[in-house]
Amino acid sequence: MDFADLFTDAGREIFAPTTAAFALAAIGLNFHFGLTGLLNMGHAGFMLVGMYGYAITVREGGGMVLGLIVAMLLAVVFGLILGWPTLKLRGDYLAIVTIAAAEFVRFLGRSSVMKNITGGSTGIRGSDYKEPFESLSPFPSEQITIGPFTMHGTASTSWFLVLVGWSVVGLFALLFWRLSNSPWGRVLKGIREDEDAVRSLGKNVYAYKMQALVIGGVIGALGGVLWSFSAAVQPDSMGRPTTFWLWTLLLLGGAATVFGPILGSIIFWTALVLVRSLAAMFIPETWMAATEREPFSLVLVGVTLMLLVIFRPQGILGNRRELAIND
Amino acid sequence: MTTIHDRRVWLRAIVVLVLAAAAITVFSVLVADSAQAADVATHAVAADAGTDDVTTTDATTTTGGSGRVLQAVVNGLIFGSLLALASVGLSLIYGTTGLSNFAHGEQVSFGAVLTYFLVADDVSLPLIPGTFGIGIPLIPAALLAVAISAGTGWLQDKFLWSPLRRRRVGIVQQMIVSIGLSLAMLNMLQWWMGGGRMRLTTSIADRLQIGPVQISTQTLWSVLIAILCLLGVSYFLLRTRLGRATRAVSDNPALASASGIKVESIIRLVWILAAGLAGLGGILLGLYEQGTAFDAGARLLLLMFAAVTLGGLGQPFGALVGSLVIGLVAELSTLWLPADLKVATALVILIGVLLVRPQGILGRAERVG
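So the protein sequences, as listed, match chains P and Y. FYI, my numbering numbers position 52 of the first sequence as 501, with every residue one higher than the one before it. FYI, my numbering numbers position 206 of the second sequence as 307, with every residue one higher than the one before it.
Next up, chain Y with everything else stripped away, as it sits in the complex:
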């Protein structure tokens, strides 16, 4: 990749961001009437509560102005880097096998839920009466959970996807299989853990105040781990023989196979890597959002797809850029829109990108239909 290319990429990312911000502003003006009505309603509630009113105005004055924007930007970058961890695997799988894996969200939840299972002391297994506790400390539990998640990637490819490829089952069929798998896994997790929120750690993290931005030490560690892992993946893809082989398979499986690369083992490796990264992403997100649930990953799935499509389907670095943009947009949108429309904004961007540039920010301009 040349530097000129790089610069163009960032320019495009910025253009998408600006367009998204403009779209959000227009939308917020359109819904302003009803939003104001909602504001009035909340004020009325706050006035009812009396003392509450004072504290809320206090909070808005301290975080108001540019501080709020900065905080949103920081939150967006944090969320984006954690999202990137989850979506890089999705992109790698798409690149090497052509499969849009709808069960990837459940891999994310699985990592987080498994960590909770290992940490907590009142858990149970389906069909087995009674509760018990394993009670491992958080860090070894998280490591074990990532290892087991990676193992499920191996298991899935060995017993499901690899036989399907050998039977020459079409890509669309495989995609519907992944939807079935996602439905089964989602409900399996709910059956296993119930519908409640699970806190991975009960300790209350210290909050650091850097200028106008507030960040907890726990989040800082999560982001650090995420960035290290992403750098590791980049190093693997760009500098190692196996990584180069992976990119070759991604580019053209038939040619890669002809030049002596074992395509099937590379795909196996990609599944292990993707499932492991997704599990880690789930754990870190669970820490960042101070709790996880059986459907944490399912709610994230569309954001991951948006990120991967935005960056360019099948481009691992596209997933990275796309995730950061999606994270920023989702968090910045909360400055104008109510927080429950955060995800909706990201989905609008997804549709917008497909209109303007279907191959994504990093994708090559080629016929995609």
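Extracted from the complex, chain P is given alone in its bound form:
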């Protein structure tokens, strides 16, 4: 592998559909953590719920619109169930319960009991649910090369998906910008800074938190659906690490900012590919086998998360004075 390939690979990650999917999910997390200060450690659970909702509905012949509605409804229900016991409690209870609930969804999805519905641990194949979406593509069904990048026009990780994915991300970034500057968004920021002050102004803090949790969760579910278009519905790909990646890239880009999740996602995925490729190029096979590159790059992700939170909690775009992570 030479440098030209390396930069093509890393460059592709800048606009890849997976990057868009993670950016979208991170926008949802931004509603939770950035605006309201909720510690949702189970965002992958929302993504998985959305993926299952969409894929199963479409597989059973429900069509794309119904699939999206089901995905969003499931996320609403999931959010309500999570928020109900925990939003009145201290922040770390929500963290523990969301992480537990996300794992519960994953365990249930991959359990043998649900095999007929969710496909167990193998999940649902892409060909079972991608067809209605891909049939909307205006692009020809062949490999298309734009500049140095070659992708399929229609199927799976395609130019069509890139177009749709980033349009949706742009739409929700706009929504985030409008909502965060609305009176509603200012109340949420108030809750983040000082819950008791907002309560003393007569606002129903519990209801506001619940609204933020549900809206962010629905966006997370849509991120999951977007992700499933370039991959398959696989419960184990939505485990705890996925949530932690989302947190890393949100904090990297800057929580509570409009472009933070997008920038964070782009940098995160590009850096991950760069690290893996550079390790493959410069570290001899006897020192680090091919199978060891993945854990090596993820060690760096963990260390990045630690350093970010300690030294630059506002991330690249954030404002330190606006976002002081506190209790």
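Quick caveat, the hints were computed from the structure, so don't treat them as lab data. Don't take each hint at face value.
Pairs of lysine-lysine, DSS-like flavour, derived with a Cα cap of 30 Å [what the hints assert, rightly or not]:
#1 Y:Lys-443 to P:Lys-537
#2 Y:Lys-443 to P:Lys-564
#3 P:Lys-579 to P:Lys-564
Note that the structure is predicted; figures quoted are calculated from it, not measured.
With the hints as your guide, set chain Y onto chain P.
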């Protein structure tokens, strides 16, 4: 703690257990249809295999009925006491510093993986080519691994958590740091040892038959060690000066500091103790489950959180009671549900407890939000 209080505690534990059992029964009825379908499928497979069919029916008749329940109860108590060993430290750290330490699961795996590293004869280190063997016998290796685990607790507090506290970094921030640490350590362990299962000992333990219950000598020893350690920790907390100081810090750090207790050294001690106990718990669990893996502790983390929350966050004896309940429920659930939903049941209980009694079984009723 008065005896009346004690009795109430146990009553509550039993109420939670009964509620959980009821919930599981309801759930099993709900999923019965698909479960039956799965049953039919496995029977078909067994029929295909022919001779297999005979042996499986044999097994069910010998262990059927009350024997199965008793075996599940015993397994649950064993698993619960090992889980308690791992989660007491989590609870102590929460009590003294307020930190929900998400990297505690990796401390558990670290103990087990380190023991394997010391015992096995074809291991390697990251970035260093070639394999080598240290090959110490199991028991000294386990002791050494516990000591090194405790050392990592000291190291972590000295170079990470203590500076963070001094910089007055918020608790939520510290929690996210612990998540980063957990991600880094988990992948470090995978990088070091690979993804395969590791057997701490290759010898096959004798199985004892006590009435209808089967238990291996190895497991018996593990449980004995776990109980001894838990008694030791209880003695330390209740009877020694340092233990009393620890509980004082847990109760109110500012007041403890004002009455002359060195809060920082107590916290250092708690980290050492917690990391050591977690390492020991990892080793014993590795023996009980006849193998360990780089993510053994990560899979346990949520059960530990469930146990600690169930018992009452920050209450060391709460972790004990909570672990036993979680262990029992997880094992008893296998009587109705497929084994791969064992962990899921425990997580449902966690959410249920937060609904009914957020301060846990032993926690005091106070505002927690």
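Here is what the structure says about each hint:
For the hint linking Lys-443 of chain Y to Lys-537 of chain P, the alpha-carbon distance of about 29 Å falls within 30 Å, and the restraint holds. Restraint check: the Cα-Cα separation between Lys-443 of chain Y and Lys-564 of chain P comes to about 17 Å, which is no more than 30 Å; the hinted pair holds. Under the criterion of a C-alpha separation no larger than 30 Å, the hint pairing Lys-579 of chain P with Lys-564 of chain P is consistent with the structure, at around 20 Å.
The structure fails none of the hints (numbered hints given earlier).
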